[in-house]
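These protein sequence lines are chains A and B, in that order.
Throughout the first sequence, residue numbering follows this note's numbering, covering 25 to 505 in sequence.
Throughout the second sequence, residue numbering follows this note's numbering, covering 12 to 266 in sequence.
Read the hints as simulated data drawn from the structure, not as lab findings.
One thing to keep in mind: the hints can contain errors.
Simulated coverage check for chain A against chain B, where a stretch passes if three residues somewhere in it have a Cβ under 8 Å from a Cβ of chain B [unchecked claim]: (1) 163-176; (2) 260-272.
Residues of chain B placed beyond 10 Å of chain A at every Cβ, according to the derived structure [to be verified]: (3) Gly-67; (4) Arg-80; (5) Ala-107; (6) Asp-139; (7) Ala-168; (8) Arg-170; (9) Glu-198; (10) Ile-207; (11) Gly-219; (12) Gly-224; (13) Ser-229; (14) Arg-232; (15) Gln-258; (16) Lys-263; (17) Arg-265.
A quick note: this is a predicted structure, and the numbers were derived from the prediction, not measured.
Using N, Cα and C, we set each Cβ at its ideal position, and we do this for glycine too.
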Amino acid sequence: MALRRVLGPGVALGRRSCCSKRPLPPDFVEALRAVVGGPNVSTAMAVREQHGHDESMHTCAPPDAVVWPQAVGQVQELAALCYRCRVPMVPFGTGTGLEGGVNAVQGGVCFDLSRMDAIAELSLEDFSVAVEPGVTRKALNSHLRGTGLWFPVDPGADASLCGMAATGASGTNAVRYGTMRPNVLNLRVVLPDGRLLHTAGPGRQARKRAAGYDLTSLFVGSEGTLGFLTQATLRLHPLPEAAAVTTATFPSVRAAVACTVQVLQAAVPVARIEFLDEVMAGACGRFSGLELPAAATLLLELHGSRHGLAEQQQQTEEIVRLNGGSGLAWAEEPEERGRLWAMRHSAWYAALALRPGCQGYSTDVCVPISRLPDVVVETKRDLQDSGLTGPMVGHVGDGNFHCLLVFDAQDPAEARRVHAFTQRLGRRALAAGGTCTGEHGVGLGKRALLLEELGQEGLDTLRRIKAALDPHNLMNPGKVL
Amino acid sequence: MAALRVLVGVKRVIDYAVKVRVAAGGGGVQTQGVKHSLNPFCEIALEEAVRLRERGAAAEVIAASVGTRLCQDTLRTALALGADRGVLVEVGEGAAPGPREAAAALAALVGRLQPGLVLLGKQAIDDDCNQTGQLLAAMLDWPQGTFASRVELEEGAVRVEREVDGGLETLRLRLPAVLTADLRLNEPRYATLPNIMKAKKKPLEVVGASELGAAILSPPRLRVLKMAEPPGRQGGERVQDVPTLLQRLRSKGRV
Numbered sequence: 025m026a027l028r029r030v031l032g033p034g035v036a037l038g039r040r041s042c043c044s045k046r047p048l049p050p051d052f053v054e055a056l057r058a059v060v061g062g063p064n065v066s067t068a069m070a071v072r073e074q075h076g077h078d079e080s081m082h083t084c085a086p087p088d089a090v091v092w093p094q095a096v097g098q099v100q101e102l103a104a105l106c107y108r109c110r111v112p113m114v115p116f117g118t119g120t121g122l123e124g125g126v127n128a129v130q131g132g133v134c135f136d137l138s139r140m141d142a143i144a145e146l147s148l149e150d151f152s153v154a155v156e157p158g159v160t161r162k163a164l165n166s167h168l169r170g171t172g173l174w175f176p177v178d179p180g181a182d183a184s185l186c187g188m189a190a191t192g193a194s195g196t197n198a199v200r201y202g203t204m205r206p207n208v209l210n211l212r213v214v215l216p217d218g219r220l221l222h223t224a225g226p227g228r229q230a231r232k233r234a235a236g237y238d239l240t241s242l243f244v245g246s247e248g249t250l251g252f253l254t255q256a257t258l259r260l261h262p263l264p265e266a267a268a269v270t271t272a273t274f275p276s277v278r279a280a281v282a283c284t285v286q287v288l289q290a291a292v293p294v295a296r297i298e299f300l301d302e303v304m305a306g307a308c309g310r311f312s313g314l315e316l317p318a319a320a321t322l323l324l325e326l327h328g329s330r331h332g333l334a335e336q337q338q339q340t341e342e343i344v345r346l347n348g349g350s351g352l353a354w355a356e357e358p359e360e361r362g363r364l365w366a367m368r369h370s371a372w373y374a375a376l377a378l379r380p381g382c383q384g385y386s387t388d389v390c391v392p393i394s395r396l397p398d399v400v401v402e403t404k405r406d407l408q409d410s411g412l413t414g415p416m417v418g419h420v421g422d423g424n425f426h427c428l429l430v431f432d433a434q435d436p437a438e439a440r441r442v443h444a445f446t447q448r449l450g451r452r453a454l455a456a457g458g459t460c461t462g463e464h465g466v467g468l469g470k471r472a473l474l475l476e477e478l479g480q481e482g483l484d485t486l487r488r489i490k491a492a493l494d495p496h497n498l499m500n501p502g503k504v505l
Numbered sequence: 012m013a014a015l016r017v018l019v020g021v022k023r024v025i026d027y028a029v030k031v032r033v034a035a036g037g038g039g040v041q042t043q044g045v046k047h048s049l050n051p052f053c054e055i056a057l058e059e060a061v062r063l064r065e066r067g068a069a070a071e072v073i074a075a076s077v078g079t080r081l082c083q084d085t086l087r088t089a090l091a092l093g094a095d096r097g098v099l100v101e102v103g104e105g106a107a108p109g110p111r112e113a114a115a116a117l118a119a120l121v122g123r124l125q126p127g128l129v130l131l132g133k134q135a136i137d138d139d140c141n142q143t144g145q146l147l148a149a150m151l152d153w154p155q156g157t158f159a160s161r162v163e164l165e166e167g168a169v170r171v172e173r174e175v176d177g178g179l180e181t182l183r184l185r186l187p188a189v190l191t192a193d194l195r196l197n198e199p200r201y202a203t204l205p206n207i208m209k210a211k212k213k214p215l216e217v218v219g220a221s222e223l224g225a226a227i228l229s230p231p232r233l234r235v236l237k238m239a240e241p242p243g244r245q246g247g248e249r250v251q252d253v254p255t256l257l258q259r260l261r262s263k264g265r266v
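Model the full assembly from the supplied sequences, consistent with the hints where possible.
This is the structure in structure tokens:
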């Protein structure tokens, strides 16, 4: 992690567990080849490095070997082999995470599951489908074209759906359609010792169940530390009949956030409501070539039937005007809607373009809606006082926002200020009754904050569950706990 | 102009995301149990026609397809995407209509339905022929505007912006005319569940190819002799220095 490199090893950014790296046992790689075949095992440095990092800034930590299983039976055999020989295992989907989840800090074997890409058990009447790790969210929605259904969870990257389940991902549609957790009905998990577990029972996708502990929910968000998610049964939703998008500009950050809170309290079933501060709005506009005034902005999307939509639009316009907002111009054609959301989705690159040559780091706090205006305004003040470049963008409908910090990794003073700022922000969110990570996960960098968030009892309970399922700490060691 | 009837040709093709495999025997590709969908360029053409009707510039959109009974699914999708009714020109199993046969069938339908405008996709993603629209226009002796990226209806005419090698060309064609849709013409809508339900009740007529006349039934002029996948990739070779490289190239007869 660039912060760690710059600040030196003495600064504790989370407990260090990268010390106990053991070499692979003799003949181990041969044994891997015997399971999946020679072409599906690699110890080439380039391949290992490619699998040793995601899209975060955490330093690349390559595994000792990479394997490509083609079927769940092979995943089981490989896991049993690693378990017997006490070799760490790291699941890999698309490598698009933001918290260093795939970094093999203790070496071991990386299981690249992308070749398992079957879409099965599509039921248009039950609104469910089962996908393997190689299926990404865009590939699934493309497959569903013409059925009238879609899968709405849309994090920035075109991520593996099983990977999204593993990190408990969310996106712009969460405010109305939910995050991954409520949309995963069943998981086919390969446990660390190679046994196969169906969290809701084999072949089942009941829309609701009260049968035993909720294992599905346990594995969602487990970030590869409890087992391999080799298939996820997902809840699909009907496509809206009509949709309309608009931007709205506000005189202040507080006004924009207050407007969001009021839209939600008026029970307008808004589909997406995204906030951009004036720095972000300016950057996005410039990057995407759209004319967006550099002011606190909300980007809203409504879904509904033709009549329902008109009603929602009216209600929203009223609330926006009440909060001093202006510039409403509804876009209904798919081309225009696509352009506006592409502008929002490229926020990360727009932020980096503000200071070419610098590194980026995204914070991810989530607080109760009622505390959102205060937390956002305080954070903005903190950013200005610390002299940092950190355009803010967020899923304000969930109380979740990101500061996309852009800083010069070669400047230790600035890196220190960034680090101190993120710690203050994490604690500010916790003090407001929120969480240090709304959707990105704990990964490598937020383990210390997790303790503060859950408390000792909470963390001990997590450790006991981990010990029960993975007594030798072989599944993605060094993450989350 | 309010009475304008638009005929849209739609083709059932193997879905773009499928990994296509050569069929046993090498006579074609595997189609059994393989996902098929509406050709993407036909979808764009259909979207344009539906938008014309929604704007009041057209009165009716008819989707037509030429193929086996399986094409009824494709037509139902077209109905769910906004077409008012569908027509299938049914051909026998094993008779794979190429552009000439499809154009002849559509020309016969035009005679029957009297549309003022025909919209097709510029090409199908299975054969990439890019011929049906042009052949149809010639058979009907109608003006053609191919590779359309913008379509504007005027009184008795249509203004078409075409994507050509040198850039964009704008033509004004007298109606009736044949247009073929290119990628940037529009972004098609998704079929929603209520529309899929409604589509089940819209009229879908099946017409035998023989009913439409002899031209379509004449034997195809093209026969596929062989289809094969490209040769598998050979392993590469590393050499230590340039002289060795030259020596290897010479021994392989490349230099």
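Task: Verdict on Glu-198 of chain B as a residue remote from chain A, using beta-carbon distances over 10 Å - done: 4 Å, violated
Task: Cβ separation check - Ser-229 of chain B to all of chain A, threshold 10 Å - done: 34 Å, holds
Task: Verdict on Ala-168 of chain B as a residue remote from chain A, using beta-carbon distances over 10 Å - done: Answer for Ala-168 of chain B: holds, closest chain A Cβ roughly 25 Å.
- [ ] Examine each Cβ of chain A, and state whether all of them lie more than 10 Å from the Cβ of Gly-219 of chain B.
- [x] Holds, since 27 Å exceeds 10 Å.
Task: Closest CB of chain A to the CB of Gly-67 of chain B still more than 10 Å away - done: 16 Å, holds
- [ ] Could you let me know if the closest chain A CB is still more than 10 Å away from the CB of Ala-107 of chain B?
- [x] It holds; Ala-107 of chain B is separated from chain A by about 23 Å at its closest Cβ, greater than 10 Å.
Task: Assertion that Arg-170 of chain B lies outside the chain A interface [Cβ separation over 10 Å] - done: 20 Å, holds
Task: Reported absence of Arg-232 of chain B from the contact zone with chain A (all CB gaps over 10 Å) - done: 33 Å, holds
Task: Verdict on Lys-263 of chain B as a residue remote from chain A, using beta-carbon distances over 10 Å - done: At about 25 Å from chain A, Lys-263 of chain B clears the 10 Å cut-off, so the statement holds.
Open item on the list: So is the segment 260-272 of chain A in contact with chain B by the C-beta rule, three or more residues under 8 Å, or is the coverage claim wrong?
Closed with: Contact hint for the segment 260-272 of chain A vs chain B: holds, 4 residues under 8 Å.
TODO: Go check the segment 163-176 of chain A versus chain B for me, would you? Three or more residues, Cβ under 8 Å, otherwise it fails.
DONE: holds (count 9)
Task: Closest CB of chain A to the CB of Gly-224 of chain B still more than 10 Å away - done: Since the minimum Cβ distance to chain A is about 32 Å, Gly-224 of chain B lies beyond 10 Å and the statement holds.
Hint check: violations occur at hints 9 and 10; the rest are consistent with the structure.
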